[in-house]
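Protein chains in written order, with the working numbering: chain A, 26 to 148; chain B, 22 to 473.
Everything labelled a hint here was simulated from the structure, so no lab data went into it. In this text, a Cβ means the ideal position worked out from N, Cα and C, and glycines have one as well. Worth double-checking, as some hints may not be accurate.
[What the hints assert, rightly or not] Computed cross-link-like contacts, SDA-like style, restricted to lysine to any residue with a CA-CA straight-line distance of at most 20 Å:
#1 B:Lys315 with A:Asp143
#2 B:Lys305 with A:Glu146
#3 B:Lys315 with A:Arg92
#4 A:Lys139 with B:Glu150
#5 B:Lys315 with B:Lys147
#6 B:Lys269 with A:Ile142
#7 A:Lys109 with B:Thr182
#8 B:Lys267 with A:Asn148
#9 A:Lys109 with B:Glu181
#10 A:Lys45 with B:Thr182
#11 B:Lys273 with A:Ala138
#12 B:Lys147 with A:Met40
#13 A:Lys139 with B:Asp302
#14 B:Lys307 with A:Ala134
#15 B:Lys273 with A:Asn147
#16 B:Lys221 with B:Gln265
#17 A:Lys54 with A:Ala64
#18 B:Lys269 with A:Asp143
#19 B:Lys317 with A:Leu145
#20 B:Lys461 with B:Tyr447
[Claimed, not checked] Here are some chain B residues the structure puts well away from chain A; computed CB gaps all over 10 Å:
#21 Ser117
#22 Arg214
#23 Ala329
#24 Ala412
[Said to hold, decoys possible] Counterexamples of contact, computed for chain A against chain B with all Cβ distances above 10 Å:
#25 Glu39
#26 Glu57
#27 Glu90
#28 Arg92
#29 Glu146
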Amino acid sequence: MKCMKRVYDISDAEMEVMEKLWEQSDGIKQSELLALFEADGKEWKRQTLNTFLVRLEGKGLVKRENRIVKVVHNREEYNGMQMKTVIDHVYGGRLSNFVASFVKENSIADSDAKDLIDFLENN
Amino acid sequence: MEYLLVMSLSGSTMTGIHLLLWYLLKDKICARFYNLLARVAILYYLIPLPYLKKYYIAVFRDLWPESSLEISRVPLTWRNHIVHAEGAMHVNIFASIQTMITAVWLLGVCILMAGQVAEYVWLARKAAEYADRAMTPEQRAFLDGLKDQYGIRRRVFLYETTAEKRTMTFGFFSPVIVCSRHTTSREAELLVRHELVHIKRMDVLWKLFMHLAVMLHWCNPMVWILHRGFDQICECSCDEIVMQNKSKEEVKEYLRLMIEEAREKKTEKVSMRWKSGFGDDVRKIKERMENLMKRKKWNRVAAITLVAALALANSITVFAYRDVFEREVVEETSEEEIEKTAQSDTFLFVPEGTEGEGLQEFEVSEAQERIQEILYDSQFTDEAGNIYPIAEDNGIEPYCDHTFVSGIGVDHIKNSSGGCEVREFYAQRCSKCGYVLQGKETIRVTYAKCPH
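Taking the hints into account, I'd like the entire structure generated from these sequences.
Now the structure itself:
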């Protein structure tokens with residue numbers, strides 16, 4: 026759950042920052058990023074933006090190199106990664122652990138599959 | 022607690038009907054019928070049916086005015102007893118213990134369920150968010166086209182994945198279909214159709230209800246049996262809807278895909294509790310295949326009528342519930358008396374037509390003529406004049422259905438000064454177990470010297 030939260034916990038404001046960063050494929054200076062938000066009518070202070078960036082950095086989604094801010098994953102990678110985490114959690118995470126007694130064996134062997142195909146074709 | 026037990030009983034009888042029909046007529050009746058029946062059984066486990074008892078009694082009385090249902094109003098020793106006094110409520114020990122157990126039981130279920138549901142809803146919302154971002158216009162058009170065919174208006178999201186080799190649906194409000202095939206393929210169409218049927222029928226929500234019923238009645242083996250077969254019934258009925266009016270070849274194509282899907286999940290061992298999965302183990306897949314290949318006929322009206330009739334017949338289990346016995350006390354009653362009344366396990370009944378009668382007091386000589394012959398300190402005399410002793414503990418047989426005969430009860434209490442007090446009251450005695458129901462007191466005489 027802790028690991029999962031690290032990935033999921035992105036506030037709306039942080040997502041706005043990510044959206045802006047994804048539009049800048051080569052990265053952007055923090056001051057320029059602030060200007061972009063100002064152009065959108067957001068009156069964020071430098072410190073506010075920095076807080077968001079620090080948080081995103083902590084979550085492994087953003088990196089800063091030579092005062093240039095860059096995303097670690099592109100939009101599709103990020104989305105796929107988040108979705109996979111959700112699916113993995115629903116499949117085999119805490120929710121499934123609650124019903125351990127109901128866990129079923131879901132695989133069928135190739136020989137079983139062949140038998141079932143034969144059964145299907147002969148009926 | 023009695024509520025829970027009656028709910029458990031009514032759910033169990035419905036489960037029994039479901040299982041009986043399944044084993045007897047499995048090859049003849051559509052899985053959709055069994056799915057309907059299973060859902061009714063789940064509702065019986067969850068709905069506090071005993072609330073309906075008074076309406077049932079009213080209906081029975083209208084139909085059969087001389088009905089012997091009065092007997093159900095006879096209080097037993099082990100019974101919830103509430104005394105209302107000046108807006109406050111006093112309950113007997115039996116009711117207190119029951120309330121406490123029920124409260125702890127329900128609290129436990131609520132805590133467990135709340136945590137799971139909250140986490141599940143949160144995950145489903147996140148999944149919908151990510152799936153929405155990832156959906157291409159082609160996928161949206163594909164999904165909307167199929168949604169229209171099934172008349173689904175809710176927001177549904179489709180997420181195509183090759184990493185997760187399972188097609189499934191999860192989420193209650195904005196469900197997400199995770200599809201293991203490329204959405205332009207024929208296989209994807211079949212898989213998504215299957216999942217859309219689950220969405221239309223709110224199967225995920227029903228699985229949640231099933232889970233709630235299991236948690237609520239965990240000590241009832243019937244609920245576990247129903248739970249064990251519910252997924253399979255759900256999948257079988259879903260297959261039937263997807264393949265309704267399809268050719269034999271199309272059914273075979275669908276079944277081949279089912280086998281293929283199951284074969285691909287070699288490394289997964291997952292719970293299917295709250296999600297509608299596609300495919301299962303060999304026996305279950307074979308059962309689903311046989312169910313589809315038999316091409317059973319479905320008559321919606323007949324199925325709903327039959328299920329409704331069975332549900333109505335099963336609702337008769339409300340009579341297993343013993344009403345809470347409630348009484349009012351007058352405002353001047355002291356706390357001590359109220360508590361004594363609440364803890365009393367004897368119901369003081371008032372025979373019809375005697376409501377206005379007060380306690381009669383007589384001169385000793387006159388009373389001697391009126392009072393019954395005294396053979397025991399506590400006795401009952403029936404209308405034929407037969408005298409029976411009343412046991413000190415007036416021991417009641419809890420499972421006796423009681424057949425009461427009317428008569429007169431007498432208590433003879435000696436005092437330390439050599440005198441005695443004789444009390445006569447209306448009474449009813451069960452001819453089976455000997456339990457005596459005490460009625461209104463009619464005569465009380467105090468003797469300075471006991472003549473008995």
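Evaluated hints:
1. B:Lys315 with A:Asp143: holds, 17 Å
2. B:Lys305 with A:Glu146: holds, 18 Å
3. B:Lys315 with A:Arg92: Distance ~69 Å between lysine 315 of chain B and arginine 92 of chain A Cα, so the pair is violated.
4. A:Lys139 with B:Glu150: violated, 40 Å
5. B:Lys315 with B:Lys147: Not OK: lysine 315 of chain B and lysine 147 of chain B at ~41 Å, beyond 20 Å, violated.
6. B:Lys269 with A:Ile142: With a Cα-Cα distance of about 15 Å, the restraint between lysine 269 of chain B and isoleucine 142 of chain A holds, given a limit of 20 Å.
7. A:Lys109 with B:Thr182: Since the Cα atoms of lysine 109 of chain A and threonine 182 of chain B sit roughly 9 Å apart, the hinted pair holds (cutoff 20 Å).
8. B:Lys267 with A:Asn148: Within the cut-off at roughly 16 Å; holds.
9. A:Lys109 with B:Glu181: Judged against 20 Å, a Cα distance of about 11 Å means the pair holds.
10. A:Lys45 with B:Thr182: With Cα atoms ~27 Å apart, lysine 45 of chain A and threonine 182 of chain B exceed 20 Å; violated.
11. B:Lys273 with A:Ala138: Distance of about 14 Å is within 20 Å: holds.
12. B:Lys147 with A:Met40: Between lysine 147 of chain B and methionine 40 of chain A the Cα gap is close to 13 Å, so the pair holds against 20 Å.
13. A:Lys139 with B:Asp302: Holds, at about 14 Å.
14. B:Lys307 with A:Ala134: It holds: about 14 Å lies between the C-alpha atoms, which stays within 20 Å.
15. B:Lys273 with A:Asn147: holds, 11 Å
16. B:Lys221 with B:Gln265: Judged against 20 Å, a Cα distance of about 15 Å means the pair holds.
17. A:Lys54 with A:Ala64: With Cα atoms ~15 Å apart, lysine 54 of chain A and alanine 64 of chain A stay inside 20 Å; holds.
18. B:Lys269 with A:Asp143: holds, 16 Å
19. B:Lys317 with A:Leu145: Distance of about 17 Å is within 20 Å: holds.
20. B:Lys461 with B:Tyr447: Given pair lysine 461 of chain B, tyrosine 447 of chain B holds - Cα atoms ~6 Å apart, limit 20 Å.
21. Ser117: Holds: least Cβ distance 32 Å, greater than 10 Å.
22. Arg214: holds, 19 Å
23. Ala329: Non-interface label on alanine 329 of chain B holds, nearest chain A Cβ at 31 Å vs cutoff 10 Å.
24. Ala412: At about 49 Å from chain A, alanine 412 of chain B clears the 10 Å cut-off, so the statement holds.
25. Glu39: holds, 14 Å
26. Glu57: holds, 25 Å
27. Glu90: holds, 27 Å
28. Arg92: holds, 30 Å
29. Glu146: Since the minimum Cβ distance to chain B is about 8 Å, glutamate 146 of chain A lies within 10 Å and the statement is violated.
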